[in-house]
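Each protein sequence line maps, in turn, to chains Y and G. Using numbering that gives the first Met the number 0, the letters of the first sequence correspond one by one to residues 0 to 357. Using numbering that gives the first Met the number 0, the letters of the second sequence correspond one by one to residues 0 to 296.
Source of the hints: derived by calculation from the structure; they are not laboratory data.
Pairwise CB distance ranges (calculated): (1) Pro58(G) to Glu257(Y): 30 to 38 Å; (2) Glu215(G) to Glu257(Y): 35 to 43 Å; (3) Glu257(Y) to Val152(G): 30 to 38 Å; (4) His46(G) to Met231(Y): 41 to 49 Å; (5) Leu222(Y) to Thr140(G): 32 to 40 Å; (6) Ala185(Y) to Gly77(G): 38 to 46 Å; (7) Ala32(Y) to Thr140(G): 35 to 43 Å; (8) Glu257(Y) to Gln105(G): 20 to 28 Å; (9) Ala329(Y) to Tyr28(G): 54 to 62 Å; (10) Ala32(Y) to Asp161(G): 29 to 37 Å.
All of these numbers come straight from a predicted model, not from anything done at the bench. Heads up, the beta-carbon is just placed ideally off N, CA and C, and yes, glycines get one too.
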Amino acid sequence: MTDLASSWANAGAVLTVHRWMAVIGGLLLASVAILVLCLQFGATSVDMKTVATAIMHMLRADQEGAATLGTSAIIMVQIRFPRVLMGFFVGAGLAAVGVTLQALLRNPLADSYVLGVSSGSALGVSLAILFGIGSTFMFLPILPLFGFAGGLMALLLIYRLAQSKSRLPIHSLLLAGVILNAILTAFIMFITSIMEPNRSAGLMAWLMGSLTAPNYPALGIFLLYVLCVLVMLMHKAQSLNMLTLGEETARSLGVETEGIKKWLFVLTALLTGAIVSVSGMIGFVGMVVPHAVRLVIGSDHRLLLPASALVGGMFLAVADTIARTIMAPAEIPVGIVTALTGGPFFLYLLLWRKDRMV
Amino acid sequence: MKTNRMETMQSWLSVDVPAIEVEGVSFRYPTTEGRERIWTLDHLSFHVDAGEILGVVGPNGSGKSSLLKVLSGYLPAGEGDVRLGGLSLGTRSQADIARLVAVVPQEYAQVFPFTVAETVLMGRFPHRTARWWSMGIGDETASDLACAHHAMVETDVVSLADRLVSDLSGGERQRVMIARALAQAPKILLLDEPTAFLDLQHQIEICSILRRLKEERGLTVVLVSHDLNLASQYCDRILMLKAGALFRLGTPQEVIGVDALRAVYGCDVLIDRHPESGVPRVTIPSYASTKHIRDHM
Numbered sequence: 000m001t002d003l004a005s006s007w008a009n010a011g012a013v014l015t016v017h018r019w020m021a022v023i024g025g026l027l028l029a030s031v032a033i034l035v036l037c038l039q040f041g042a043t044s045v046d047m048k049t050v051a052t053a054i055m056h057m058l059r060a061d062q063e064g065a066a067t068l069g070t071s072a073i074i075m076v077q078i079r080f081p082r083v084l085m086g087f088f089v090g091a092g093l094a095a096v097g098v099t100l101q102a103l104l105r106n107p108l109a110d111s112y113v114l115g116v117s118s119g120s121a122l123g124v125s126l127a128i129l130f131g132i133g134s135t136f137m138f139l140p141i142l143p144l145f146g147f148a149g150g151l152m153a154l155l156l157i158y159r160l161a162q163s164k165s166r167l168p169i170h171s172l173l174l175a176g177v178i179l180n181a182i183l184t185a186f187i188m189f190i191t192s193i194m195e196p197n198r199s200a201g202l203m204a205w206l207m208g209s210l211t212a213p214n215y216p217a218l219g220i221f222l223l224y225v226l227c228v229l230v231m232l233m234h235k236a237q238s239l240n241m242l243t244l245g246e247e248t249a250r251s252l253g254v255e256t257e258g259i260k261k262w263l264f265v266l267t268a269l270l271t272g273a274i275v276s277v278s279g280m281i282g283f284v285g286m287v288v289p290h291a292v293r294l295v296i297g298s299d300h301r302l303l304l305p306a307s308a309l310v311g312g313m314f315l316a317v318a319d320t321i322a323r324t325i326m327a328p329a330e331i332p333v334g335i336v337t338a339l340t341g342g343p344f345f346l347y348l349l350l351w352r353k354d355r356m357v
Numbered sequence: 000m001k002t003n004r005m006e007t008m009q010s011w012l013s014v015d016v017p018a019i020e021v022e023g024v025s026f027r028y029p030t031t032e033g034r035e036r037i038w039t040l041d042h043l044s045f046h047v048d049a050g051e052i053l054g055v056v057g058p059n060g061s062g063k064s065s066l067l068k069v070l071s072g073y074l075p076a077g078e079g080d081v082r083l084g085g086l087s088l089g090t091r092s093q094a095d096i097a098r099l100v101a102v103v104p105q106e107y108a109q110v111f112p113f114t115v116a117e118t119v120l121m122g123r124f125p126h127r128t129a130r131w132w133s134m135g136i137g138d139e140t141a142s143d144l145a146c147a148h149h150a151m152v153e154t155d156v157v158s159l160a161d162r163l164v165s166d167l168s169g170g171e172r173q174r175v176m177i178a179r180a181l182a183q184a185p186k187i188l189l190l191d192e193p194t195a196f197l198d199l200q201h202q203i204e205i206c207s208i209l210r211r212l213k214e215e216r217g218l219t220v221v222l223v224s225h226d227l228n229l230a231s232q233y234c235d236r237i238l239m240l241k242a243g244a245l246f247r248l249g250t251p252q253e254v255i256g257v258d259a260l261r262a263v264y265g266c267d268v269l270i271d272r273h274p275e276s277g278v279p280r281v282t283i284p285s286y287a288s289t290k291h292i293r294d295h296m
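Only chain Y is shown next, with the shape it has when bound in the complex:
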């Protein structure tokens, strides 16, 4: 029987612990490499050696040692490092949300941005800001809570639409998402229009997607939060596999579909709410990344979910580095970079796979 197992494993026909370790280990190493690379670029370039020394000092919590390195080290430690780290976790979370939504809706183009879930969260957060609940920096924990509520509402609406027929064709689902998006965006625009100009400008900048990192404690809580939700999603990876077979088949395989679906909705809304409240609307990461990863490593969610999270993290870290450097010293919102790379890819998928989707 071991022959059988190894022959399947060699052909890549089934997921083995070995393959899981190899892929995830490789991606982890790549992630660290990418993060270190991203630290070097910015309005002021920092060479590799300074990056390494600064990280060493930071790990040892050596304030005086860091001070000897001068301005570039302060930029590194105070601004760039938290920002790159946050970009990585926001990207990881967005990709994980994309994977989960795609399995839940059995639709490879589903994404929190395309379906209007992000807009729902953004509306929730905007409302909170409008009524002066929490300021831009004191976003914990009130703003994510509003983001969660708004995202969950949008998600349930979209799901209801998708359920009204046994399986909504891809184009109808996307159309529903577009319309929901338009309605929610109108509300957000309304909110910004009645705000004082200087406050609404800040809101607009946040909406376009920015990864300006908060202080370290807040960043730490955010990273922990994303990690926790990711682990909880991972625990349902097997059920996600079954759900892609359709609800009836999943049930016949012993999956308590109703309970699991509700739990997954809550988890995706929790993650989207937190991400949107810290980084605004960053589109297409959740759609492009899982799609590309699936093409390479297959559909088993036990591997697809963590691999997509890591690739999503790298993708957004790089996208943000581009956003920081391309017009330096000015910055462009990272949402523009992801939309400009992801949008065309999305169109390509839509046109290329048109015949197979409907």
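Once you've looked at the hints, dock chain G against the given chain Y.
Using the frame of chain Y, we list chain G on its own:
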């Protein structure tokens, strides 16, 4: 948990308990509520013996697929009781049911690229013991792999193991879905139109597989079919539904007759005997002889 499963197994070994008992089962979809009381399934009572192949036939909308969904526990019976191996469906957990009953649905729409081996291995899901720390990675034991492999041998899909299910032909895909169901090691197999959209050779192939499974594994099979001849040829007994109610239940000889088909399908057909097996054979009348029907249209 383990002793529980053993008891279940033992209750299956005793021959006198029917595999499926349906008693006074009624069902209707919530959407028809409030309107006139139309039952999708109307007070059905019957039982299926262990190791029997039961064919469910009837016109479109007579409740065939709904009946399968009630038997698999997907739709709750509004009234009445379904017992599997002597135990009521309502008292069993979804995973418990999954270890007894496997379902091959009518259409398989997988939008993600899963391989054949991955798909068949999913059938082992209800038998796995979850270890929370592993997050499902490497949960497949050697016996899971062996079981999946055996199911793939029986349905002749071993050579397709690393192919993507979405790239297969209709007949191959249907065999993969049956392999996935068999990997579940069920006592009861429910199939919805297993031969629809398949050409002649594949129809015979699927039916022979079912027949062999009944003989070798003692599998109880309930299959919904539009093809009366296929049902007559391969099923031990046939259940004929009319508007959700049981119209006739018995051997193919007892059920398939000119009068019964006229009453249920509302049209006249020719019935003779199969030249080899002697079971009833249904033939659609010629164009010339259906003139009176066309006159009414």
